[in-house]
Amino acid sequence: MFVTALSILLILAACIAGLTYAVYWHEARREPHPALLESMRCNGGLLRCAAMGFFSSFASVLTVILANPLALARGLWRPAPDPGCARPPVLLVHGLYHNASAWWLYRLLLRRRGYVNVFAWDYDTLGGDFEDLAQRLSAAVRELSARCGGERVVLVGHSLGGLLTRAVLADPAAVACVRAAVVLGVPNRGSVLAALAVGSLGRSLRPDGRTTRCADALNAPLELPKLNVYSPLDNMVVPTSSLEIPEPGWTQRRTAPIGHAGMLYHTPTARMVLDFLEAHAGNCERKRPGAARLEERDAMV
Numbered sequence: 001m002f003v004t005a006l007s008i009l010l011i012l013a014a015c016i017a018g019l020t021y022a023v024y025w026h027e028a029r030r031e032p033h034p035a036l037l038e039s040m041r042c043n044g045g046l047l048r049c050a051a052m053g054f055f056s057s058f059a060s061v062l063t064v065i066l067a068n069p070l071a072l073a074r075g076l077w078r079p080a081p082d083p084g085c086a087r088p089p090v091l092l093v094h095g096l097y098h099n100a101s102a103w104w105l106y107r108l109l110l111r112r113r114g115y116v117n118v119f120a121w122d123y124d125t126l127g128g129d130f131e132d133l134a135q136r137l138s139a140a141v142r143e144l145s146a147r148c149g150g151e152r153v154v155l156v157g158h159s160l161g162g163l164l165t166r167a168v169l170a171d172p173a174a175v176a177c178v179r180a181a182v183v184l185g186v187p188n189r190g191s192v193l194a195a196l197a198v199g200s201l202g203r204s205l206r207p208d209g210r211t212t213r214c215a216d217a218l219n220a221p222l223e224l225p226k227l228n229v230y231s232p233l234d235n236m237v238v239p240t241s242s243l244e245i246p247e248p249g250w251t252q253r254r255t256a257p258i259g260h261a262g263m264l265y266h267t268p269t270a271r272m273v274l275d276f277l278e279a280h281a282g283n284c285e286r287k288r289p290g291a292a293r294l295e296e297r298d299a300m301v
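Using full-length UniProt numbering, read the sequence shown as starting at 1 and increasing by one per residue.
Incorrect hints may appear among the rest.
Stated by the list, open to error - Label pairs and their calculated CB-CB ranges: (1) Pro69 - Gly18: 25 to 33 Å; (2) Asp82 - Leu46: 25 to 33 Å; (3) Cys15 - Pro207: 20 to 28 Å; (4) Leu72 - Arg147: 17 to 25 Å; (5) Arg41 - Pro79: 42 to 50 Å; (6) Pro32 - Gly75: 43 to 51 Å; (7) Asp82 - Leu196: 36 to 44 Å; (8) Arg210 - Gly45: 38 to 46 Å; (9) Ser7 - Gln135: 38 to 46 Å; (10) Ala176 - Leu72: 30 to 38 Å.
Source of the hints: derived by calculation from the structure; they are not laboratory data. All C-beta atoms in this analysis are idealised placements derived from N, C-alpha and C, irrespective of residue type, glycine included.
Using the sequences plus the hints, can you model the full thing?
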């Protein structure tokens with residue numbers, strides 16, 4: 001029984017990685033993105049890049065499935081705020097067909113850096129409406145800020161969660177409660193693979209879909225620290241140009257050639273995010289009991 005289940009799991013992961021990369025390479029062959037060409041040059045050519053992307057996607061699909069039960073551990077994702085934490089609160093927003101378990105690595109690394117108040121926002125990705133979800137996330141940001149003594153929130157979103165994060169930044173009432181924002185693998189101008197999506201929300205991410213049209217109008221305050229992270233071999237957001245945010249004020253960072261979900265489990269990518277937060281949202285704006293300890297620890301490093 002175990003061997004059968006494992007075989008099915010491995011075949012499923014291989015099929016998802018194979019199908020999505022078939023579409024990716026079909027599009028990339030017609031008009032290679034500069035990020036792909038640069039990645040090929042730096043990583044040993046086309047075949048090595050293709051292998052890195054495939055195995056990253058294969059491994060990440062397995063991880064997504066195996067880590068899924070962690071979403072049931074509510075205490076991990078909705079803890080009581082620690083008033084003594086010297087770091088700002090962090091709210092993690094997962095993407096399509098995922099849940100809070102997506103963030104287990106980021107939660108671990110954030111807490112190691114002293115971000116004790118780490119929360120994840122869960123939502124239904126099958127039948128939800130983008131505008132309604134954006135309003136709910138905005139309300140969640142305001143509520144979390146209030147629960148943490150008025151401290152502004154750091155937002156981190158992956159894929160569809162990144163689009164929702166951008167929607168919060170375009171909401172004047174909600175963005176007032178945001179300290180910094182990071183988005184990873186975001187279909188800013190949709191994805192051709194969304195035509196195969198299950199559910200109306202997923203299909204609305206087509207290049208001509210309703211959610212994609214909404215995203216075109218999303219603008220964030222210029223002065224707010226914002227990081228857009230994307231992979232040159234993202235197998236879910238096709239074409240690669242859709243991953244870029246042309247809006248001024250965004251810092252753009254490219255990862256190694258990894259798959260879409262692989263960004264959640266790739267330690268160098270997570271460290272890139274953490275370094276950005278360290279530079280732009282390292283300490284609470286309001287003096288906390290733990291701030292002196294944190295400053296003392298940082299001085300010793």
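Hint check:
{"no.": "1", "hint": "Pro69 - Gly18: 25 to 33 Å", "in the structure": "holds (26 Å)"}
{"no.": "2", "hint": "Asp82 - Leu46: 25 to 33 Å", "in the structure": "violated (48 Å)"}
{"no.": "3", "hint": "Cys15 - Pro207: 20 to 28 Å", "in the structure": "holds (24 Å)"}
{"no.": "4", "hint": "Leu72 - Arg147: 17 to 25 Å", "in the structure": "holds (22 Å)"}
{"no.": "5", "hint": "Arg41 - Pro79: 42 to 50 Å", "in the structure": "holds (44 Å)"}
{"no.": "6", "hint": "Pro32 - Gly75: 43 to 51 Å", "in the structure": "holds (46 Å)"}
{"no.": "7", "hint": "Asp82 - Leu196: 36 to 44 Å", "in the structure": "holds (43 Å)"}
{"no.": "8", "hint": "Arg210 - Gly45: 38 to 46 Å", "in the structure": "holds (40 Å)"}
{"no.": "9", "hint": "Ser7 - Gln135: 38 to 46 Å", "in the structure": "holds (44 Å)"}
{"no.": "10", "hint": "Ala176 - Leu72: 30 to 38 Å", "in the structure": "holds (33 Å)"}
Going through the hint list in order, the structure does not satisfy hint 2, though it satisfies all others.
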